[in-house]
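**Student:** Listed below, chain by chain, are the residues.
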Amino acid sequence: GDSAPPTGSNALSGTIQIDGSSTVFPVTQAVAEEFRKEQPGVQVNVAVSGTGGGFKRFTVGETDISNASRPIKGSEAEAAAANGVEFIEMRVGTDGLSVMVNNDNDFVDCLTVEELNEIWKPGSTINNWQDVRAGFPDQRLRLYGPDTDSGTFDYFTEEVNGEVQVSRADYTASGDDNVLVQGIAGDRGALGYFGYAYYQENKDNLKVVAIDDGDGCVLPEPSTIEDGSYKPLSRPLFIYVNRKSLERPEVKAFLTFYMDHGYQLTGEEGYVPVDPSVYAANKAEAGL
Amino acid sequence: MQLSRNRKRGALQGRIVHWLFFACAAMSVITTFGIVASLLRESLGFFGEIPVWEFLFGTTWSPILKDAEGNRHYGVLPLVSGTLLVASIAAAVAVPAGLAIAIYLSEYAPDKVRRLIKPILEVLAGIPTVVYGYFALTFVTPLLRSIPIQVFREDLIVYNALSAGLVMGLMIIPMVSSLSEDAMVAVPRSLRHAAYALGGTRLEVSLRIVVPAAFSGIVASFILAFSRAIGETMLVTIAAGATPRLTFNPIESIQTMTAFIVQLAHGETPHGSLEYNTIFAVGLLLFAFTLGMNVLGHFLVRRFREEY
Amino acid sequence: MTTTEATATDTTLSVTGLDMYYGSFRALRDINLEVTRNSVTALIGPSGSGKSTLLRCFNRMNDLIPGARVEGQVLFNGEDIYHPSIDPTEIRLRVGMVFQKPNPFPKSIYDNVAFGLRINGFRGNMDEAVERSLRRAALWDEVKDRLKASGLTLSGGQQQRLCIARAVAVQPDVILMDEPASALDPISTLAIEDLMRELSRDYTIVVVTHNMQQAARVSDWTAFMTMGEDRAGYLVEVGDTHQIFTNPRDERTEGYITGRFG
Amino acid sequence: MTTTEATATDTTLSVTGLDMYYGSFRALRDINLEVTRNSVTALIGPSGSGKSTLLRCFNRMNDLIPGARVEGQVLFNGEDIYHPSIDPTEIRLRVGMVFQKPNPFPKSIYDNVAFGLRINGFRGNMDEAVERSLRRAALWDEVKDRLKASGLTLSGGQQQRLCIARAVAVQPDVILMDEPASALDPISTLAIEDLMRELSRDYTIVVVTHNMQQAARVSDWTAFMTMGEDRAGYLVEVGDTHQIFTNPRDERTEGYITGRFG
Amino acid sequence: MARAEITALLNPRLAVRKRIGTVAYVIFIAAILIGLAGLASLLLRVLWQGAPWLSLHFLTDYPSRFAEQAGMKSAIFGTVWIMGLTGLFTVPVGVGAAVYLEEYAPKNWFTRIVEVNISNLAGVPSIVYGLLGLAVFVQILALGRTVVAGALTMSLLVMPIVIIASREAIRAVPSTYREASYGLGATKFQTVKDVVLPHALPGIMTGTILAMSRAIGEAAPMIAISALVFLTFIPTDPLDEFTVMPVQIYNWVRDPRPEFHGLAAAGIIVLLAVLLSMNAVAIYIRNRTQKRSEE
Ligand SMILES: Nc1ncnc2c1ncn2[C@@H]1O[C@H](COP(=O)(O)OP(=O)(O)OP(=O)(O)O)[C@@H](O)[C@H]1O
Ligand SMILES: Nc1ncnc2c1ncn2[C@@H]1O[C@H](COP(=O)(O)OP(=O)(O)OP(=O)(O)O)[C@@H](O)[C@H]1O
Ligand SMILES: [Mg+2]
Ligand SMILES: [Mg+2]
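Listed in order, the protein sequences are those of chains A, B, C, D and E. Numbered according to this note's numbering, the first sequence spans residues 1 to 288. Numbered according to this note's numbering, the second sequence spans residues 289 to 596. Numbered according to this note's numbering, the third sequence spans residues 597 to 858. Numbered according to this note's numbering, the fourth sequence spans residues 859 to 1120. Numbered according to this note's numbering, the fifth sequence spans residues 1121 to 1415.
Just so you know, the hints here were simulated from the structure itself, not pulled from any lab data. Everything numeric in this text was worked out from a predicted model, so none of it was measured. Beta carbons: idealized from backbone N, C-alpha and C, even for Gly. Careful, some of the hints might be misleading.
[Unchecked claim] Covered by chain E, per the in silico footprint, the following chain B stretches (three or more residues, Cβ under 8 Å): (1) 498 to 509; (2) 528 to 534.
[Claimed, not checked] Non-contacting residues of chain C with respect to chain B, defined by C-beta distances greater than 12 Å in every case (computed): (3) 611; (4) 633; (5) 656; (6) 676; (7) 697; (8) 712; (9) 727; (10) 790; (11) 794.
Just chain A, same shape as in the assembly (with noise of 0.2 Å):
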């Protein structure tokens, strides 16, 4: 697109609501500010409800754009057409969780995700290295987790506990992922999971393990992310966007952007984002 400042006639007003996951938050967060130096006019305000809350006020035609770190539910989609709300999927990158340990961890490098499930599942009682596998040391385990409200961890649970929002309790859990972060970084035992983003920031600090799905050790890596190979903890992000917005020319200006620059940004936020050819697909679809 054209990324001139905005002179007299296509300088734009406006607000435009988005709401929705914590995941795809700071991408259009990005998004969002990026967009603000091209037309200052135009105000975006970006919430985090979670991608159900977002959802639920998407469907009534509370706001533009939903946030959204899973595909849209049938229920959420009828809710949308009993309301008259029409709108566009539009994929915007993808997400992998990924598993910490502590960075003097010298004995692990790759876990199943049974052995994930026997850590992470309720009620479990593994408490130390040892009864993880045979051959780890005696080791102290701690587990650190995203917060119970947050998209993460229904991601994590469903995945690898079968169930959204089933897991074991007994951890130490953080809507702030920087003390997620400290805690791994700082226990020698720690065993943590949190998105692919923060992982990136903190590369450093913290090592991460591979998955087997039974089909090899994986590490999540952009490649791996985008083919799909990392499994099962990689996730799609969307954004949905209400087709009547569409009609207001700030919106399919935001939108426009978006999906200019939305290869680069998701990338700088830590995610991997998907071919350049599917966002171009997106603008069509929405008529841009």
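Assemble the complex: chain A is given as a structure, and chains B, C, D and E with the ligands must be docked to it using the hints.
**Tutor:** Showing chains B, C, D and E with the ligands alone in chain A's frame:
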């Protein structure tokens, strides 16, 4: 004289003004009703599904996270224990320190020193609690972890009740010291003189005469400070963790009632859901807790005022 | 200027050239006075003449007032109580004090009396000591059934006797009393006056009073104070009470006693 | 009991069978009194006899004390001031008051005097009115150059005259004064006394005083009050000041005036 | 028992008692030092970590995902808005309530209830006010997560402080002023308006400033009211969404990237600077009026 006065209008105006002022005062009562009513309204849905006794006496709190059978648990005791744990650590810091400061200021300090120190301590009370949270998380916890003891070096995690409690103690010191000092200053000088005239030292007069005479006021200051600690929110949200856990081990990460409310209010749980309404149930409990303590504290303050 | 007729050995307190300041304000000027052992000495004089101030010099209570300062000498049994080596708490143990308004501690009657003994490490039979002091203060019969009751439940006159019992308990040599009956009704006042006379057999008593009749009734010696233009109090005349009241040497004394001035 | 010799038309205030209560305590008993127009009436009597209380009955200031209650009648120019249809603020506008301690508002001298006029919707020339009042109170010459200065910067005597100017400004019929000079030095006191005599040409003045000489000097009429065993104050005797001071009819009056009692 | 025996039974151990007294004195001083040291280390820590991040653009830029570009403009303006409206709502009502209680209220059970109620409201945790605001202003009155909802919530939170301080100030007005005013035929309202309130004004202002400085630092109720995390605009009318300084600081503290902790500290410095100057003004007013009433 060219005085003019519409008496009728004056009287009417007087009545209107009276009622306006009355309405202002009544606002406070309305606020209380508003608090109770809105908390009750929102938590009624919750108590419709979860029996009150299960809420009050259950020992597992996992309103979002499900167990192996896919059930959630709504026993608030872990939040209560977390709250009391942090508040107790705070009290363990603030009560002795605050009392010692109060004794010093009321019995020992020359006027100049008192006038210098009191405003400085008041600054402590005026610092926003986010700042204390920041301080606990980024300074006190690392400081504790640098203590070369196994417990601190190895077992103390970033979020823990200990540093939150210690810093909260620092925060409520001025509350204890200034209310206690008020109570001690109110003890008649004549009692001190009588004790000095019997050969008492300053310490004996302070501890055996002044402190006992001001006792209910001092206790009231403890209660009010403890109540403040229970209701404190940002500090624990930032520094004490988000792990509801029925424990009294200070080096563990825990979650307080207040931090839970912030977590959900700030998080992704959809409004209106059962999970979401838990915050009003917890809020109601918190309100009841602090209300009880405040009533007791103010009752004691009044009692000691009436004593002399 | 002093006119005590007692011999030196009979003197409990002896004041020489005493000046006393509150900050820069001189409240007492060149006081010279001897207080005779086992007698009652009354300090009289107009309000503000420094009677209370002088009394508090005798047990160093003025030390508690910031900025208060003493020059000159106060000897207690021959010892200079303002000597740097002297601990004021020790002086106060041996020179007791009773105040204008009854001020029992908000503790039980028993604990009020026991307080001074306890802090001073009394190792004898406490019950006995408490009873003896209460008897000494003519209060025992009235309170023996409720020793655990708060001292504040007593009437004003009883409270004042409790304060006397409290002062007596540690067996001081001197008891200072600052208008001890001025807050009391006439009947309680008489009881306190009787008590003073009774106590003076064993104790040296210095009493400040505004009541001429009272001074005449209870005291053996009377000292009259007044103040100068600079508001500094000074001693006009000291002497045998009878003489002072019937035949004062100084006309200011006479003026005060006959109510013409002050 | 009343012994005013004035005729009915000369009467500004007329009190009949007045009882006054603070809650359940009766402070005044059966007061009967007539106050003569354009004269000074002094209320004298021992402390606590209800002089201030009676004075405050004349402009309903007692209404402001919770629990205060009046029985009986007070007529002001023939009108019952306690009649339900009467607005107390109107009474106070016409019956002004000067208090024991000078109490100028912490405002400028000008604003102090203008206060009463402003709140009562005065529409004339304010500067003139202020000057007239200050002259009336014999204060104009001393303050005319600093009308904007705070009333609190004046000396005590000036402050009291300012308060009189403030009261005079709204042109009341009666001015009540409760020991207006008792907080002042002798010279200011004389100035106030002169002022009272001067004002009585145009105003009716009722003044409470403890100072017999003052009452004798300034008043035309004197009322003597005392109190009974139940502490209720009552009126003993009212009459021409000269007569009361030289030849009181009641021996209680005589006892008080000669200083034998009270 | 003779006096000598009693005296013999006393054991004043003055030296020991004096030593104990000295030890206690040291303990008292230590307690004060703990408080002061806590304060000092807090301030130094904040300064040390935040100072490098302070600059003009920090005050005039919007938040950014790049720490170097981030500023707290939207939070500062949000705070200004909230403070302004809170003052507007709180002061009239709070002073009105104080006037009612001091000047008008009869001594009856209702007045007692109001008084007890106010002192209790002062002790209700701020997050509970947040829940009240969320339920009443955001949801029932449908004001949404707007400046006005936030300010109303904050008003209720600080109202007790204003009421209590104003009552103290009004009580300190000498009753002779009231008497003089009534004596001139002033009505109650005129007396309150022209005599009592002007004289109580410094005290009321001090109380209001203290209330505002409480409000300025409160994050919890604002978090309950506003879910907005990223805001590139300043509110222009009361129905706009907003964020405030302490919430911005909280978001930065929560950020996993360490440089954002520096930003948080810088934000704290700004917040504390505002707060301390407000306190200084309050203390100045208090001292000045104290001096004046002593004169
Ligand atoms: N703590 C103090 N600080 C400064 N000045 C004081 C203090 N106590 C007393 N004074 C002053 O010292 C002078 C003597 O006071 P003192 O109380 O000894 O008089 P007094 O003779 O006992 O009077 P009274 O009969 O009224 O009790 C007075 O001018 C008084 O104002
Ligand atoms: N506000 C009040 N409430 C209750 N009782 C009061 C009140 N004001 C005065 N009294 C009582 O009413 C009686 C008369 O008081 P008042 O002030 O009228 O006496 P007074 O003659 O003016 O005395 P003084 O010469 O001391 O001024 C006293 O017993 C007093 O205690
Ligand atoms: Mg005295
Ligand atoms: Mg009077």
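**Student:** Hints numbered earlier in the text: which of these fail when held up against the supplied structure?
**Tutor:** Violated: hints 1, 2, 5, 7, 8.
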